[in-house]
Amino acid sequence: MTGALKRLTESKASLEAALRLVALPSLGVSRARWLLGNVEPPAIIDALLRGTLPAGLPDPTTEVTSQSIERWRTGLRSQDAAQLTARNADRCQVIIDAGHDAWPFADDPDPPVLLFVRGRVELLTESRRVGVVGTRRCSAVGRSVAGEIGWTLAEHGVSVVSGLALGIDGSAHRGAGVSPRDPGRIGVVASGLDMVYPARNAALWAGVADTGVLISETPMGERATRWRFPARNRLIASLSEVIVVVESHQTGGALITVDEAIARGVEVVAVPGSVLGNSCKGSNQLLMDGVAPVRNGGDVVSLLGLDPRALTETDSEQNLPVGGLADPAQDVLEGRVVDALQGGATDTDTLAEIVGEPISSLLSLLGRLERANRVKIDGSVVALPLGEGD
Amino acid sequence: MRDGLPGYSVVGMPDASCRESRDRVRAALGNSGLRWPQRRVTVNLAPSGIKKQGAGLDLPIAIAILIADGQLPAECVDRLGMAGELGLDGSIRSVPGMIIIAEACEGEEFLAPTGNEAEVALIRPDEIRIVGSLFELANALSGNGAIPSRPTPSVADSSVPSLDLADVRGQAQARAALEYAAAGGHHLLFIGPPGAGKTMLANRMAALLPDLDDVDAIVTTRIHSAAGIVLPAGGLVRRPPFRAPHHGASTASLIGGGGTSVRPGEVSAAHGGVLFLDEFGEFSVPVLEGLRQPLEEGRIRVSRLTGPRVMPARFQLIAATNPCPCGYGVSPGACGCSDTSKARYLRRLSGPLIDRFGMRVHLPASDPAKLLTEGTEESSDAVAERVQKVRAMAQRRGFHSNAVLSDSCLEEVAPLTSGARTVLLGAMRSGALTGRGLGQVRRLARTIGDLHPDCPDVIGEDLIYAALRLRQPVVGEQDR
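Here the protein sequences come in this chain order: A and B. Heads up: the first sequence begins at 1 in the working numbering, then just goes up one per residue. Heads up: the second sequence begins at 1 in the working numbering, then just goes up one per residue.
Read the hints as simulated data drawn from the structure, not as lab findings. In this text, all values refer to a predicted model and were calculated from it rather than measured experimentally. Heads up, some of the hints might be wrong.
To be clear about the criterion: a stretch of chain B counts as covered by chain A if any three or more of its residues have a C-beta under 8 Å from a C-beta of chain A, and this derived list gives those stretches [stated by the list, open to error]:
# : region
1 : 362-368
2 : 420-431
3 : 466-472
DSS-like mimics (lysine-lysine), calculated; alpha carbons at most 30 Å apart, straight line [claimed, not checked]:
# : chain 1 : residue 1 : chain 2 : residue 2
4 : A       : K376      : B       : K389
5 : B       : K52       : A       : K376
6 : A       : K281      : A       : K376
7 : B       : K370      : A       : K281
8 : B       : K370      : B       : K342
Glycine residues also receive a C-beta, built at the ideal position from the N, C-alpha and C atoms.
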C-alpha cells in the first residue's frame, strides 16, 4: 500500500476530491484505491472531468474501459461538490484514513479508502470483536439465538460486530445492548451514516452510535447501491476475530461474509439449524463443509479463550443495587421462579400461583429477570431462555 | 293573545316536542284550577333563528299565557328564569340539560323542577327554587303563598354499576393492571385471545373509580346533556362515565361532529371517565389516529360548518384487542396465523398510538378449571377502596391522577433511587423506552408504589421493573 492513502484527510483539497470519488456509485473500492494511491486527488478529479485518466497511474489490474471513464465523468458532473463536503463536515462523524491511529484495516488485503465513523472510534482497534451475521428472513428461534449470543458476548466484554440489518443482525445487536457490561457494539453499514436503512432499525442505529461505534465507507448523504452491501460484509469479516453465522439461506449475504473471513484467516463458526428450515440451509451447509458448530454464546466465548463460567459466579454480586445489599428473599423467590420454569413455559398468572407470590412483586422480579435475559417473555408466555432449561 | 276563534300556534322554529306543548299546557292549566283563555294564542319563541327543542319550555309558556290572560301579574316574573316540562296533571317534571339552562340564567332567580335539584344545586344554590306543581307555583306568583323550598343539598347518585370484579376468574396480572389503571388513570391496552376476559374486566372498570368531583360532574353533565345521553336519576352525572362505542364507529361519532350543531362525540362523553374500545384493531385507522389529540391534550378541537369548537375530552382509554386475526395468538399450537399476517394485523395500531398506553398487558387464555370452580377473587368494593386512596393522594399532589403528574412534580413526588435510574437508562439505551414512555413508566411506578402497603416515597428498582414489565410489546419488536 502506498503512503498516499494515509494523507487523504490531511489537506482540505485532497479530502474533498477523495470524498467525491468514494461517493461515486459507479466506482468500486479497488479502483478508488488504484486512482488515489499514486496521484494527488484534485488532479484525478480534473482529469476525469475532462474524460481522461490522470497521468502517472500504474497499470490497472483489470482493463479500464472507456465506458467506465465516461460513467465516472457523468457521475462527477452531476455531483454537488459543495453540498457533499458540507454534509460530510457534520460534527457527528469523523473521517479517518489509513494514517489514523485507530485505522483497523492496516493488514487488510482490500481496505477502504476513507472510513466514516460515528461514536467511539477506539473500539475498532482496542476491544475484542466477534461478528454475528445471518439472514434478514430468519426464524423466531434464530432471532432468539442471535440475541442470546449477542448478550453473552457483551456480558464478557466482547464487542459484537454486525450489519444492522433486519433479522439476525439486529437481534444480535439488540441482545448485546441489553447487557450492562456491553463494551460497545460495532455497526458496519452500507449507506452513509445519516441514511438509516432499513428505517425500521432507526432506534437500534442510534443506540449503536450512542454507546458503540457506527462505521461506513460511504459518505453521508449517499444511499447504498447494490454492490456496497457485499463490500460492507468484507469489513465485518476484517474487523472480527470470529464470525458466527446464526442462520443463512442457501445463497445468503452472510455466506459472502464467510468467504471474506476465510480469505483473511478469520475463524468461522455456525449455529446448527433445523434441517427442514429454508433459513438454515446455508448455515447447515457450512457445518457440512467442516465449519465448527456452536450452540450458544457460551460456546463462542470459550472459543475466544474466555471462561464462560467466570461470569455466572460473580453475576449476582455485580447485579447489586448501587449502595445496597442483595435482598436474600429476592434471591429465594428468583430461585423458585426459575425452578417453576424448568417445568416448561407458563403464563404470569399461573407462575404467581405456583410460587405463591402476589402479582405485584412477581411483576418486579419478572421485569428484572427479563432485562437480564434470564427469562424470555412473549405475550403472556414466560419461559427460560434457550440453553437454560436443560 | 288576540280575539278570534280559540286557537293555539307556536312560531320560532319549535321541534315536535315543543309544538306538542299545547296539549300539555292546556291540560295542566285545567287540572291546576286555572283557566285556558278562550282566545287565539300565539307563542313566539325568540330569537326565531335558532331551533328550539325539548319540553322544557312548557312551564314558561304556561306562565306567559297566564300573564297574558291577566291571571297573574306581569311583575311576578321579573328577574326570574324557569324551565320544566308539564304533566297533564299540572305537575312540573324534570328535563335533561337543566344545568345548562340554569347557568344561562345567570343573575336571575331560577325555578327548577323537582327531580333536577341535584344538578342545579351545584351552581348558585342561593338563587335556585324548586317547584313541584303548576298549582303551587301559580299560587306563589299571585302572592297567595311563598315560593317553596330552596334545593336540598345534593344527594350523591350512588347507583354504582352492579358488575363486580369478583365475577372474573383468574387473570391475576390483568386484574392488577386494571387496578393500577383505575388508581392512576393510566391508559391500558389488553391483548388476548377471545374469551380471556378482556371485555369483562374493562366493563368492571367504572365501578372501581371514585365519584367525579363537583367541577367534573358539572362539565360531564353538560356534555351528556348536549349529546342527548340519558342522564341518571337526579340529573347529575356523579359516577364517572363508561363509554364503549362499537368498532364500526365513525370519526365524527367518536371525536364529535355533525352539521350545523356540533354534537360531542364519545371522547367527550367519556370526559372524567373511561372510554373503552373493544376490538381496538378493528377500528378504522383514521378513527384511531383521531384519538391522539384528545389523549395528549385532554380536549378535542372539531371544525365544522359553524366554525371550530373545543370540547373537553379528558378520558382514560381502555382498549382490548386480539393478538392476531385468528385470535389465539401465542397460545402454543392454537394459532394458525403466519408471522406476516400477525404483524400486519397489529401494525394498524401505529407506534405513536401504542406508545400512549402506559400499560400493555397480554392475557393468557382463561384456565377452564378456574371457570367452573367457586372463585375467591377480590370484589370491586375492596379494590375501589384502594383506588380511592391513591386518587386522593394524587389530588393532594395537585393533579387529577398520577397519570397526569407534571414533569416537575414527578421529580418531587417520585424521586428515583440511583439503581432505578440505571434500570431506566438501560431500557432507553436498548430502545425499549421512548421519552414519553419514560415519563409514563415513572408515573406508573408512582401508582404501584402508592398501592403498596409501605407506600414508599422514593421509587426504587422494583417499582420500575414492575412498571416496565407492564409495558409489554404488542408484537415482537422485530416483527414490526
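These are the hints, each one checked on the structure:
no.: 1; hint: 362-368; result: holds (count 4)
no.: 2; hint: 420-431; result: holds (count 7)
no.: 3; hint: 466-472; result: holds (count 6)
no.: 4; hint: K376/A <-> K389/B; result: violated (35 Å)
no.: 5; hint: K52/B <-> K376/A; result: violated (63 Å)
no.: 6; hint: K281/A <-> K376/A; result: holds (26 Å)
no.: 7; hint: K370/B <-> K281/A; result: violated (45 Å)
no.: 8; hint: K370/B <-> K342/B; result: holds (29 Å)
Comparing the model with each numbered hint stated earlier shows that hints 4, 5 and 7 do not hold.
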